[in-house]
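Peer 1: Okay, here's what each chain looks like letter by letter:
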Amino acid sequence: MILGGNRRRSADLDVDIDMVPVMNMFLVLIPFLLISSSFLHLKAINTSVPVIASTASVNQKEIKKPEIKLTAVVEIELQSIKLTVISEALSEDKLKFFEKKLMKDSQGKYPLLDLSAALQRLKADYPKSDTVILIPNQKTKYNTIVHAMDAARNLGNKPLFKHVVLSGKVG
Amino acid sequence: MQQLVQKKAAFVPPRLQITAMMDMFTIIVFFLLFSFSDNPDEIKLDNAISLPQSTAQLDYDDTIKLFLSKTELKLNEKTIAVLKGDKIVDFDSKNPKDSQLYKYLQQYKQAREIEIKHHDENGDDGKAVPDLHILFFCDRDLPFLTINNIVKTAAIAGFPNFQFLVLET
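Listed in order, the protein sequences are those of chains A and B.
Take the first sequence: its position 121, counting from 1, is numbered 121 in the working numbering, and each next residue is one higher.
With the second sequence counted from 1, adding 171 to any position gets you the working numbering.
FYI, nobody ran anything at the bench for these hints, they're computed from the structure.
Ideal Cβ placement from N, Cα and C applies to all residues, glycine included.
Zero decoy hints are in this set.
Which stretches of chain A does chain B cover? Using the computed rule of at least three CB atoms under 8 Å from a CB of chain B, they are:
# : stretch
1 : 34-47
2 : 140-151
3 : 154-168
Chain A extracted, bound-state conformation (with noise of 0.2 Å):
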């Protein structure tokens, strides 16, 4: 009887976990973290202005469909957003399929997703096309100016036109 109260006395014993170096550990630790770590994630797009090319500018006629580069220009304006294309290897009839005006939504925002899609059916039909011509109001505010860039140089995970010429209303 003595031996089975032993027996319990000992199997209550509590174990204790020295949690000294764990801590030490973790005060060592975490000041190496917070010094390496990045809370803002910052990225880049790419862009340019247009420049006077000194370059002739290629003859695309008699070129097969697939060959063919468009060039998108999105005016941003002050209630809408309008597409048109250029090209000199396209007739202006043909030119005209791809031209849209979207309105502003009851929000008041624009309607990007639209654009997007736009434009992916106009690099569907010309894979080659990459460039996007990008015109805004001058009252444009740049957080906007940044989203078009974004609907014209992605869909979702599809890549759209990777590259995105910001200028300014000529006339």
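Position chain B against the provided structure of chain A, taking the given hints into account.
Peer 2: Quick look at chain B alone, frame taken from chain A:
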């Protein structure tokens, strides 16, 4: 005497309860591990500039930095112009070559031309001198009118290529 000894034996020093502190440290360590970066950004961001968010994934280059906030224009941390109400003070959009921005960028361009000349003379390991472009930090609420003057001036000065810096979403 016996009672005094019993009292002394009965005294047990208090144990420090560090379980809660361990919980906190464990959570902090895991959070910091997730935000660990082996190449943390070394750019000093101006508090006056709120960058726009974007889905861009491209890493930026270490090059000439142009900061445009609602109050001033800085080139590599040197203030070169002041803004009042979205307009650049003492800037004539019809004569951008008279601006301080154009003059400073011309200095960078001349320095680069000298670097290219030295590189061509010495032939440094076949490595080409990297093209200079401008890393552009701009507040998201600024209108295109202000931005257009800046980018147009930079293009005239020989820097038509930009990297617009954004916050990753």
